[in-house]
Amino acid sequence: MGAATTANGRLSSEARGGSRLSASALIGPATVFVMLGMIVPLLILLRYSLNQYDPRELMIETFSLENYVKFFSDDYYWDVFLTTVRVATSCTLLCLLLGFPLAYVLARTQSRFKSLFIMLVVLPLFVGNAVRAAGWMSLFGSRGFLSVSLQWLGLADEPVEVMFTETAVIVGIISVNLPFMVLTLQSVIESISRSVEEAAFSLGAGPWAMFQRVLWPLALPGIIAGVILTFILAMNAYATPVLLGGPKFNMMAPLVFDQMRLGNWPFGAAVSFILMITTLVLTALSSYWMGKRYRR
Amino acid sequence: MGYVKKGYGPSRRQMLQGAAGLAGAAALGAGVPALAADKGTIVVGTWGGDYAKLLTKNIEEPILEKEGWEVIQDQAGDPERRAKMMAERRLPRGTTDVQGLSGSNIYQMGAAGVTAEIDYSRIPNAPHLLDSMKYKYGVGQIYSGMVGVYTPKVVPDAEAPKSYRDVFDPKWGDKLGIIDIQYQYTMVAAALANGGSPDNLEPGKELLVAARKAGCRIYPTNEAFAQAMKAEEFGVGIMWKARTVQWQNAGIDVKAVAPSEGTLAYVSGFAVPKNAPNMDGAYAYLNAMLEPSAQEAFAEDMGYNPTVNDAKIPPELNARIGFTPEQVAALVNLDYAYMTDHDVELKEWWDKEFVG
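One line per chain: the protein sequences are Z and D, in this order. Numbering of the first sequence is given in my numbering, commencing with residue 1 and proceeding in unit increments. Numbering of the second sequence is given in my numbering, commencing with residue 1 and proceeding in unit increments.
These aren't lab readings, by the way, just hints derived from the structure by calculation. Check each hint, because a few of them may be wrong.
As the list claims (entries may be wrong) - Some chain Z residues close to chain D (C-beta under 7 Å, calculated; not the full set):
| # | residue |
| --- | --- |
| 1 | ARG47 |
| 2 | PRO55 |
| 3 | LEU58 |
| 4 | ASN264 |
As the list claims (entries may be wrong) - On the chain Z side, residues computed to face chain D include the following (Cβ under 10 Å):
| # | residue |
| --- | --- |
| 5 | PHE257 |
| 6 | MET260 |
| 7 | PHE267 |
Said to hold, decoys possible - Computed spacing ranges between beta-carbons, pair by pair:
| # | chain 1 | residue 1 | chain 2 | residue 2 | range |
| --- | --- | --- | --- | --- | --- |
| 8 | Z | ARG194 | D | LYS352 | 53 to 61 Å |
| 9 | Z | ARG47 | D | ASP131 | 57 to 65 Å |
| 10 | D | ASP280 | Z | LEU45 | 35 to 43 Å |
C-beta atoms are modelled at their ideal positions from N, C-alpha and C, and glycine is treated no differently.
Please build the complete structure, drawing on both the sequences and the hints.
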């Protein structure tokens, strides 16, 4: 920095201008790429959502909120919306509950097999969504492994129907999302010094108090990141709800596809926007609430 | 959507890129691939999987590529391809020359002004095409019928359904299986079963709701339906006869019955986008798919019936995949105009009132 740095270490205005210029040059191409690749299509989709569907023309250009009104005034679509939020919330909380202890063990283990354990956590992501769902299908069918095993063990008298239920979908989504939660938490917990935990114990804190007062607040950035990641993935899940939930179970992403398949782009676009805005708002609110509640 | 290049030779772009190398190799007398694409490139929008492979095996390699065409497949489900056609419709030049679509989607794309009216004088094989397969905006390639199906493991032959009415009878309870993605044909079949017609589906709704209340099972896809039938979760339903033949070949104990109300016909064919970059190629494709050899091969490989009158189907194969002259005369087509106009509301009823 030398000449460009003032006595108190702050950059001169000339140097600040130069760094702003180079920063702009660095982020410029990516910004243009994102603008063209994401923002522009989103704006087009927003415009479509204000159009009208026509079976012959497919889309009539107009400015109308009727697609949004239709969604919010129909119990069926409300139910799909609430089911999506409920499933995404359940999956996120269960991922956090199941993922935190696992991430903690992975972060603290000194085992030479640590890399192997991490690979095992990531293993489900090596298989495509549809193939993974096919595995669950063979397990959950009324004549699947689970049902037959329960009957064989005498724990059930009749075939157990897990397939095409909300439970099947939640289990399926958790199997996809859990690695994201675990890996995010593990990297954050690893960065928290073990001595901080030992200090808490030496001051008389029990394991629960240490977790609540030390580990949880320090791991909060990772928890928030993991929650955001898994919540967004669950809200937008497509293959798992379709394959494991069956026709009777509906979530927002399959609804979007259904409408697009029918050629009803305006309504499909409106549903897409409702899904996206809901995801963004709930994500922002939960992050804000968690930050405010625990960052004291 | 994946592009799959077909052909003996490289694409033109690759040819340009490798021109020097190829020229050098040729000068040295080295063996180079035959440059078959001297007539140009045909881009075909099609479903993937076995169907795409059979297009290659029965139409593209043995006929078009020998004639000097290079064929590229744009593989995707039909919703995605229709969306792409819609998005491209204002462009002076699209990206595909022909698109594989079902009969009702051929009608929908034509009505939306996306596809061109077919000029049958440009198809030398058109005189052999069955009249019922000549559409204004597309050409039927193969057809089958929606028949009653049952597995003798669950439903004894003596109790086998003989009509759509028998299939949708609430007496079956959870022994009746219904496929979610087949909602259009299921609703029309139920209408025929209960005194309705392809443009009057109301009577069928009543029957479907009764079957639903009795506990019928609903499966998301044809494959899930087949898997569940194999596992004896249910015993009766409706399905394309061609698909039934494929399932029989795969070892599933399933039998087909042509319903007494008349069998609903399913037609799959090809349409030409108005902005197809290679119209000559598009018509070459339409003509090639109607060649007797291609039609016979599709009957053999896939169990679908030919749409031309000069294909020779062995009697024993015809007995498995085909229909008697009486059954052919009684084939019932969807009312494509009605389905196009009411598809969204029919699906809403299906989702809300039937499935939900």
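**Request:** Tell me if ARG47 (chain Z) is really an interface residue toward chain D, meaning its C-beta lies closer than 7 Å to one of theirs.
**Result:** violated, 13 Å
**Request:** With a cut-off of 7 Å on the beta carbons, see whether ASN264 (chain Z) makes it to chain D.
**Result:** holds, 5 Å
**Item:** Hint status (Cβ of LEU58 (chain Z) to nearest Cβ of chain D, threshold 7 Å)
**Value:** holds, 5 Å
**Prompt:** Per the hint of 53 to 61 Å, is the separation of the Cβ atoms of ARG194 (chain Z) and LYS352 (chain D) within bounds?
**Reply:** Since the Cβ atoms of ARG194 (chain Z) and LYS352 (chain D) sit about 56 Å apart, the hinted range of 53 to 61 Å holds.
**Item:** Outcome for the supplied range 35 to 43 Å, where the beta carbon pair is ASP280 (chain D) and LEU45 (chain Z)
**Value:** holds, 36 Å
**Item:** Evaluation of the interface hint that places PHE257 (chain Z) against chain D, nearest CB under 10 Å
**Value:** holds, 8 Å
**Prompt:** Does MET260 (chain Z) pass the interface hint, meaning its C-beta sits closer than 10 Å to a C-beta of chain D?
**Reply:** At about 6 Å, which falls below the 10 Å cut-off, the nearest Cβ of chain D leaves the hint on MET260 (chain Z) intact, so it holds.
**Prompt:** Regarding the hint that PRO55 (chain Z) lies at the interface with chain D, is the smallest CB-CB distance below 7 Å?
**Reply:** Given a least distance of 5 Å, the restraint on PRO55 (chain Z) holds.
**Supplied contact hint for PHE267 (chain Z), tested at 10 Å Cβ to chain D** = holds, 8 Å
**Asked** Regarding ARG47 (chain Z) and ASP131 (chain D), is the given constraint of 57 to 65 Å on their beta-carbon distance met?
**Response** This hint is violated: roughly 43 Å between Cβ atoms.
Of the numbered hints stated above, those contradicted by the structure are hints 1, 9, listed in ascending order.
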